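**Student:** Following the hints, put chain B in place on chain A, whose structure we already have.
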Amino acid sequence: MMTIQRRASLAAALTATALALAACGSGATDTPASGAPAASGAAAPVTVRVQVFGGGENFGYKNAVAAWNAEHKDVQIKLEVLTDQFEQVYWPQMIQWLQAGKGAGDVVGIDEGGMGLAKAHPEWWADLGEQGLSGRQADYPAWKWQNGVTADGKVFALGTDIGGMSICYNRTLFEKAGLPTERDKVSALWPTWDDFLKVGQRFQAKVKDARFTDGTNTLYNVVLVQEAAKNGNVSYFDTSNALVVDKNPAVKTAFEFAQKMTALGLTAKLRNFTEEWATGTKKNAFATVGCPSWMLGVVSGNAGEQAKGQWDVAAVPGGGGNWGGSWLAVPKQSAHPKEAARVADYLTSAKVQASVFADFGNMPSNTKAQQDPAVTGARNAFFSDAPIGDIFAKSAASLQPVFLGVKHTQVKNAIESVVQGMDDGSVARDKAWQQLVDDAVKAAG
Amino acid sequence: MSLHLEKAPLVVAAPPPPRGGRRWRSVLDIRAMPYVLISPYFVLFAVFGLFPLAFTLWYSLYDYDLAGTTAWAGLGNYAQLLADEDFWNAVGNTVGIFLLATIPQLLLALLLANALNKRLRLRLAIRMSVLLPLVTSVVAVAVVFTQLYARDWGLVNWALSWFGVEPVNWRAERLPSWLAIATMVDWRWTGYNAIIFLAGMQTIPRDLYEAAAIDGASRRRQFWQITLPMLRPTLIFVVLNSTIGGLTLFAEPTTFYNGNVDGGSQGQFQTVAMFIVKQGFREFDYGYAAAAAWLLFLLILLGALVNFLFVRRIGGTG
Chain A
1 MMTIQRRASL
11 AAALTATALA
21 LAACGSGATD
31 TPASGAPAAS
41 GAAAPVTVRV
51 QVFGGGENFG
61 YKNAVAAWNA
71 EHKDVQIKLE
81 VLTDQFEQVY
91 WPQMIQWLQA
101 GKGAGDVVGI
111 DEGGMGLAKA
121 HPEWWADLGE
131 QGLSGRQADY
141 PAWKWQNGVT
151 ADGKVFALGT
161 DIGGMSICYN
171 RTLFEKAGLP
181 TERDKVSALW
191 PTWDDFLKVG
201 QRFQAKVKDA
211 RFTDGTNTLY
221 NVVLVQEAAK
231 NGNVSYFDTS
241 NALVVDKNPA
251 VKTAFEFAQK
261 MTALGLTAKL
271 RNFTEEWATG
281 TKKNAFATVG
291 CPSWMLGVVS
301 GNAGEQAKGQ
311 WDVAAVPGGG
321 GNWGGSWLAV
331 PKQSAHPKEA
341 ARVADYLTSA
351 KVQASVFADF
361 GNMPSNTKAQ
371 QDPAVTGARN
381 AFFSDAPIGD
391 IFAKSAASLQ
401 PVFLGVKHTQ
411 VKNAIESVVQ
421 GMDDGSVARD
431 KAWQQLVDDA
441 VKAAG
Chain B
1 MSLHLEKAPL
11 VVAAPPPPRG
21 GRRWRSVLDI
31 RAMPYVLISP
41 YFVLFAVFGL
51 FPLAFTLWYS
61 LYDYDLAGTT
71 AWAGLGNYAQ
81 LLADEDFWNA
91 VGNTVGIFLL
101 ATIPQLLLAL
111 LLANALNKRL
121 RLRLAIRMSV
131 LLPLVTSVVA
141 VAVVFTQLYA
151 RDWGLVNWAL
161 SWFGVEPVNW
171 RAERLPSWLA
181 IATMVDWRWT
191 GYNAIIFLAG
201 MQTIPRDLYE
211 AAAIDGASRR
221 RQFWQITLPM
231 LRPTLIFVVL
241 NSTIGGLTLF
251 AEPTTFYNGN
261 VDGGSQGQFQ
271 TVAMFIVKQG
281 FREFDYGYAA
291 AAAWLLFLLI
301 LLGALVNFLF
311 VRRIGGTG
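Which chain is which? The protein sequence lines are A and B, in order. Sequential numbering from 1 applies to the first sequence in the working numbering. Sequential numbering from 1 applies to the second sequence in the working numbering.
Fair warning: there could be bad hints in the mix.
According to the in silico footprint, chain A covers these stretches of chain B (three or more CB under 8 Å from chain A) [said to hold, decoys possible]:
1. 145-151
2. 160-173
3. 259-266
4. 281-292
Hints listed in this document are in silico derivations from the structure and should not be mistaken for laboratory results. Remember, it's a predicted structure, so these values are computed and weren't measured experimentally. From the three backbone atoms N, C-alpha and C, an ideal C-beta is built for every residue, glycine too.
Pulled out of the complex, with its shape left as it was, chain A reads as follows (with noise of 0.2 Å):
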């Protein structure tokens, strides 16, 4: 009896140890793919989960998901606005998700920034091609079209938007400081950065509660690209991926005047892509932001609906620009890569960019696009009916892309982490610029 009993209890504690590992077991392998869909029948939908990043409307996609799930019953798409930020939280968790080959949706956005590293590792991306996607080729610009094929030829992603350059601001506060504020005569005040400067201090000698411009960050990244058009479309590294920001003309130029804003004091200190920028912007804490197309939506979902014609959009100093711009890559560990194919293709397709440029702002990369009546003539509601189309639909056939290198997120943040540290204090001014330059080593290396 007593043998029995321990033996009972024996086999008890064995079971009891055995379930916990087998507990411990399933978890591990059951957590990480929760959000994956299960492998369907014929009958289950299946479900195309797209990823993507920024702050308010982003990629604009949230009109062309919803008819493309109410035309498709069989293939439903679930679309994931993952963060605001792409360099500091978004890509590295996506490079964990890629690298562990689980847990990335079926098709992610991949801003211009990512794409070095991208191409780098063709083993983490589906191939397009088979899919039967090359033919995209004729819909884009050729540099566009390149960006998304790796050194092996391998096509893998898609373009979505390019950047293009404006300037949004905001007509009730240039109309307190005596401004004006239709935008023809607003472009007309600021030829060159350094009237744009003047027209800040303008605005400053008037206002008290808000600032003129957002903080340093935006407006030196639309610095940045001007002048890296003038220095052979680098920046932060040259084409054979050597670090170049000391020796880059472009980044001082843009440096300078980022230094020269917060000086003057036209900045609110907010670091864009952040909560209290969001908010900054529906509370009308700053006057203007620097604005490639994709930028126009961002601003729109931060202000809110009641905001609705209280901004506008101008020309931007200097000219043109193409900041930003991203593409739609398919991993490879993708369960369903023939489905997300065909909604990467419907995303990117002529007939939705259009339609995203007309409803947000982010300016088509499909050439079939850029020429289509709807975004040339576009304007946009809450832009105070801004032409937008005629904004940035003229110089898009002109944009040149910035070559960026493989480690460009992580010096980009670096580095603008030094330009947002001289504006809210915790970098002194006289010491910024070789702050700057260690730390984009530090992180280079």
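**Tutor:** Here is chain B on its own, set in the frame of chain A:
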């Protein structure tokens, strides 16, 4: 059972000698049983504690790039870390926030526990309510506090403005950011520690207080000379626990900066745990992160030891 044992010899004159296999099994039964019964803990510890420790140690000796190559580095990562001012900045922040958070927290918890130990109306409800902040998720706490400590339109800056204080940029300046994070930590953990103190206080025999009262000892004197010395084991536990928690602080300061592990534009409030995550999961330098994790482990051991020696002296004369 006992009935059965008494009856047994009547039925069977003598049990047959157990065969070899059986005896072996019964020996195994008696000898191994205790180990099997406690094994779940050790198995789990080995899988989730020991293995990661050893694995981390192993990889701290490599230059291991997540999206790249792996190469032997020996103690190179450690040498680089000890010369890395960002690492020391993180150590300074961690210790600073720890001191700023833990000292007031434990004092407050002690006072709170002492108050709760008295006869009160609705005693259970009041005691439970002290634990409430612990139930809310860290992220929810951090989101609310982030709003409170916003530079523009934040409640704290608004309140400070009544006293003519200029708006404080809580995320840009070192000491304010530490203060903000410390209040976040304290809000969540003071009640928890108070309840543990309270449990400790309730094990102190009542007759000690009665005897002291008869001898004319004041309430205050009773606290210092009875409660505190008798509470020493609890105190040691709470202090060690807070040390481990404080030195591995991560969620509050990260959420305080939009989920960004930079901890401020110049790492004003980047803790060691955030430094590790940044190195490992943003710079993808796993070996370097692993080495930093080991140094953090040593730092915690050191901190625990110092605190242990310190607490052992408290009320030592009592």
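**Student:** Let me make sure I understand: some of the numbered hints might not hold for this structure. Which ones are they, in numerical order?
**Tutor:** Per hint list: zero violations.
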